[in-house]
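Colleague: Protein chains in written order, with the numbering used here: chain S, 1 to 149; chain B, 1001 to 1336.
It should be emphasised that the hints constitute simulated quantities derived from the structure, not laboratory data. Hints are not guaranteed to be accurate.
Unchecked claim - Here are the simulated DSSO-like pairs of lysine-lysine, each with C-alpha atoms no more than 27 Å apart in a straight line:
id : chain 1 : residue 1 : chain 2 : residue 2
1  : S       : 121       : B       : 1191
2  : S       : 6         : B       : 1199
3  : B       : 1130      : B       : 1191
4  : B       : 1191      : S       : 6
5  : S       : 23        : S       : 115
6  : S       : 47        : S       : 25
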Amino acid sequence: MKLKIKSLLETEALGNIISKKLKEKSIICLTGDLGAGKTTLTQSIMKGLGIEEYITSPTYTIVNEYHHPKKVFHFDVYRINDVDEMFEIGFDDYLNQDAIMIIEWADIIEEIIPKDAIWIKILYTDNIDERLIEITGMDLEEHYENFRD
Amino acid sequence: MKDIIILAIETSCDETSVAVIKNGREILSNVVYTQIDLHKKFGGVVPEIASRKHIEKIDLIFTQSLEESGLNFSDLDAIAVTYGPGLVGALLVGMSYAKALAFGLGIPLIPVNHIDGHIAANYLAFPDLKPPYIALIVSGGHTHIIDVLDYGEYEVLGRTRDDAVGEAFDKVARTLGFPYPGGPYIDKAAKDGNKEAIKFPRTYLEKDSFDFSFSGIKSAVLNYLNSMKMKGIEINANDVAASFQEAVVDVLVEKIIKASLKMNHKEIIIAGGVAANSHLRKRLKEEAEIHYLDVFYPPMSLCTDNAAMIGAAAYYQFKKGIFANLDLNSVPNLKL
Chain S
1 MKLKIKSLLE TEALGNIISK KLKEKSIICL TGDLGAGKTT LTQSIMKGLG
51 IEEYITSPTY TIVNEYHHPK KVFHFDVYRI NDVDEMFEIG FDDYLNQDAI
101 MIIEWADIIE EIIPKDAIWI KILYTDNIDE RLIEITGMDL EEHYENFRD
Chain B
1001 MKDIIILAIE TSCDETSVAV IKNGREILSN VVYTQIDLHK KFGGVVPEIA
1051 SRKHIEKIDL IFTQSLEESG LNFSDLDAIA VTYGPGLVGA LLVGMSYAKA
1101 LAFGLGIPLI PVNHIDGHIA ANYLAFPDLK PPYIALIVSG GHTHIIDVLD
1151 YGEYEVLGRT RDDAVGEAFD KVARTLGFPY PGGPYIDKAA KDGNKEAIKF
1201 PRTYLEKDSF DFSFSGIKSA VLNYLNSMKM KGIEINANDV AASFQEAVVD
1251 VLVEKIIKAS LKMNHKEIII AGGVAANSHL RKRLKEEAEI HYLDVFYPPM
1301 SLCTDNAAMI GAAAYYQFKK GIFANLDLNS VPNLKL
């Protein structure tokens, strides 16, 4: 499904809605250009999950772990050049845990992402404050009204 | 008094490093993998993910480090290791190696916080430096303002709520077409640019907050570049670099000076890769002089990740008897 968001407030609302549908072992894959808003959407999802810490960017560390009140692994694979590097940092071990995973730039490691993952693509539009969001693997139909043009 | 010799291991992120440190202040050896190998090949320090193959390198680095120190196993008083924050897989390599050494030699194991190491790097560069002072840690992964009360005693006054400052530099550099890591290229391009050319936002957050937010300026630069592209206007990369750098430095300098004045400290130390930024150094020095504050920067080799800084921090834990058992675990999200 596709929807449009026109402000930071709408991003936060979308993140909150998504967060309520996540369970252990849910995997969210975020794609989109630099500055599209992947980290902002992640922060909104995490907030919806009840995580109160600062959600800082894991670009440098590749993964940040959160344990309260839910176990969440926040990946950013921007710096990964080869999927083998993911196994070297223990990606399998992270996958095997009962945690929610959010992976920014997931398209870089698409071949090793489990099939049942939720993909969220964030696209720029002609309007600088607006984004087109494409979601596959998660049904948000009942909320569609909130984000229609 | 007998000299205390500590062998330190750092594998928290990209670098594999082993150092031997005497009395917390003197470097007997400090071997960093990326510096011995890639340095020659590319003419600079290139952090690369593949260097996370710590396990393949640590033996070599350890052997070279001990050899360069001119010491033997029997001269070592303790083994220090970074136990967080960092990547769990990377941390575990150094940790397992350190535990094996400590167990085999029958000497204490000292667990060190990586951020504590960045602060302690200054003790290696400045033999007379003593707490209390204010520390600004600015790197690809960290942005912290810390009140250093005593050796190993800290209060975090502020930190980033989203992107680290070094990361903002790298991402803006990438969109301007500079190689990775892009910090030094921004620094260089900015010298030929007009820092007043584009008015990028300065994010100060709440009044009196020492926290940072750099995702706003990153987005502002990207939005600027996109809108210029849409309008078909050619951009001046030097002006963008200079204007971006000025905005970031404005915020860093204002907050660190405010923190020093509030805590009534006379000395400011800077560490982490971004401490190499020439504009930050210049502006901070000017501003500090106005307020009669002294600013210290360790040399670049001690700003980026290295084991010497871990050995320096470990010395003060050794004196206090802060050791770990062999069941020590890595803590990827360790706080200061």
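Colleague: With reference to the structure, classify each hint as holding or not holding.
Modeller: Here is how each hint holds up against the structure:
At roughly 37 Å between alpha-carbon atoms, residue 121/S and residue 1191/B are farther apart than 27 Å, so this suggested pair is violated. For the proposed pair residue 6/S and residue 1199/B, the alpha carbon gap of about 24 Å is at most 27 Å, so the pair holds. Distance hint between residue 1130/B and residue 1191/B is unfulfilled; the C-alpha atoms sit about 35 Å from each other, more than 27 Å. A C-alpha spacing of about 37 Å is found between residue 1191/B and residue 6/S, which places the hinted pair above 27 Å, so the restraint is violated.
A threshold of 27 Å between alpha carbons decides the hint, and for residue 23/S with residue 115/S the separation of about 16 Å falls inside it, so the pair holds. At roughly 18 Å between alpha-carbon atoms, residue 47/S and residue 25/S fall within 27 Å of each other, so this suggested pair holds.
Hints 1, 3, 4 from the earlier list are contradicted by this structure; the remaining hints agree with it.
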